[in-house]
Amino acid sequence: MKHLVAGWFYILAAAILALAAYFTGAAAGFAVLLFVLLFGLILMRQVPSEDGDHGEPLVTLPIATAPDPMSVIRATIDAMDLPVFVLGDTAEFVAQNRAAVQVFDEVAVGVHVSARWRSPSILDMIRETMDTGVQNQLEHSERLPSERTYIVQVSRLQLEGQSGGTAYYLLVFRDISELRRLDRMRSDFVANASHELRTPLASLRGFIETMQGPARDDPKSRERFLGIMLDQANRMSRLVDDLLSLSRLELKAHMAPSEMVDLVPLIGHVCDSLAPLADDLDVELRLDLADAPLRVLGDRDELVQVFENLVENACKYGQEGKIVEVSLRHDPVHGIEFSVKDKGPGIPAEHVPRLTERFYRVNVEDSRSKKGTGLGLAIVKHILTRHRARLIVRSEIGKGSEFTVRF
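Counting in full-length UniProt numbering, the sequence shown runs from 1 upward without gaps.
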């Protein structure tokens with residue numbers, strides 16, 4: 001500190017001498033000035049450092065501290081959207097991220113993993129990874145609170161610069177429930193489609209063999225068999241047409257329609273075309289359509305398919321009630337609504353959520369006797385999804401059913 005004060009003193013003296021030399025013009029004054037200035041700088045240079053060394057200026061550097069490894073781990077797993085648990089070297093819980101808390105609830109730190117999952121396969125997988133250090137995974141299903149399927153993966157967590165000490169392991173859950181559901185739907189669809197085609201094909205083959213053999217010379221049998229064969233061929237044709245419709249709809253499911261369609265004349269046309277069917281079934285169609293035009297963005301042909309399907313189903317399956325009410329209105333709260341209401345036997349509540357599944361039938365024999373393919377409401381659902389519309393089903397046993405399309 002004394003060196004520092006002395007140095008500044010000599011520099012100040014040099015400044016005074018410089019002013020004196022300037023005003024007197026003395027050359028000797030400039031020589032003294034240079035000597036004093038040099039001596040002051042030397043003293044400034046000799047400021048001692050904190051560790052006692054001399055000759056270096058005093059500089060204070062920040063001390064770098066290594067971050068806590070668990071803080072880094074917690075921050076990292078919290079940034080992940082998959083449920084992640086951190087286990088210690090004895091398979092106890094050390095940490096979990098927010099996604100894990102949301103899915104599996106919070107687990108206390110220090111609790112062994114077997115207290116949360118008793119699955120022998122998961123415990124064996126964790127033990128094997130801890131013994132070998134090799135990453136492992138398996139498929140695991142949980143029943144409660146709802147059925148979910150996960151790919152569970154465990155791997156050793158390598159920390160840079162870590163040697164010895166506690167080893168950590170990451171337990172990661174990847175939800176594949178939706179993928180498995182789609183796989184089941186795909187396999188069920190193939191199985192159902194094969195079954196639906198196999199039945200009429202077997203019938204056709206049997207009648208053809210009969211006509212080639214015992215009924216070869218029996219005109220009455222041939223005529224009766226040919227009528228049945230035509231019905232079976234038409235059934236297969238309807239099924240193939242519906243399958244093709246579903247395929248086309250899936251291809252353009254994300255393409256919203258851009259054409260404006262007036263629903264009032266369109267529904268009138270649908271009811272006129274189905275009037276002969278209603279007469280054959282002894283069903284009265286009652287229309288209640290809006291007076292003013294009601295327009296929506298839509299594909300005209302697809303909307304015709306939706307309304308025909310719903311009105312035809314009401315006539316066929318609500319035939320006992322003798323009346324089918326068709327209405328189109330603009331609701332101030334919900335917007336444009338089309339509804340078909342029958343007074344038939346109704347649908348049991350447990351079947352309603354599954355009505356739009358492919359090949360799902362409340363009564364298989366009744367559906368086939370009415371020439372249904374089991375795909376009609378699935379097609380309706382796909383079309384309405386593309387049109388950003390909803391299908392609402394209300395039904396009560398003994399009082400009939402109401403299907404409402406809300407745009």
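What the hints contain is simulated information worked out from the structure, not anything from laboratory work. Even for Gly, the Cβ is constructed at its ideal location relative to N, Cα and C. Incorrect hints may have been included.
[Claimed, not checked] Just the calculated beta-carbon pair ranges, DEER-fashion:
#: 1; residue 1: Asn136; residue 2: Glu92; range: 42 to 48 angstroms
#: 2; residue 1: Val103; residue 2: Arg354; range: 52 to 58 angstroms
#: 3; residue 1: Arg118; residue 2: Ala349; range: 31 to 37 angstroms
[To be verified] Keeping only pairs whose Cα atoms sit at most 27 angstroms apart, straight-line, the calculated DSS-like set for lysine-lysine is:
#: 4; residue 1: Lys343; residue 2: Lys399
#: 5; residue 1: Lys322; residue 2: Lys220
#: 6; residue 1: Lys252; residue 2: Lys220
#: 7; residue 1: Lys252; residue 2: Lys341
#: 8; residue 1: Lys322; residue 2: Lys341
#: 9; residue 1: Lys381; residue 2: Lys399
Now the hints, each set against the structure:
| no. | hint | result |
| --- | --- | --- |
| 1 | Asn136 <-> Glu92: 42 to 48 angstroms | 19 angstroms, violated |
| 2 | Val103 <-> Arg354: 52 to 58 angstroms | 27 angstroms, violated |
| 3 | Arg118 <-> Ala349: 31 to 37 angstroms | 36 angstroms, holds |
| 4 | Lys343 <-> Lys399 | 6 angstroms, holds |
| 5 | Lys322 <-> Lys220 | 36 angstroms, violated |
| 6 | Lys252 <-> Lys220 | 49 angstroms, violated |
| 7 | Lys252 <-> Lys341 | 30 angstroms, violated |
| 8 | Lys322 <-> Lys341 | 11 angstroms, holds |
| 9 | Lys381 <-> Lys399 | 24 angstroms, holds |
Comparing the model with each numbered hint stated earlier shows that hints 1, 2, 5, 6 and 7 do not hold.
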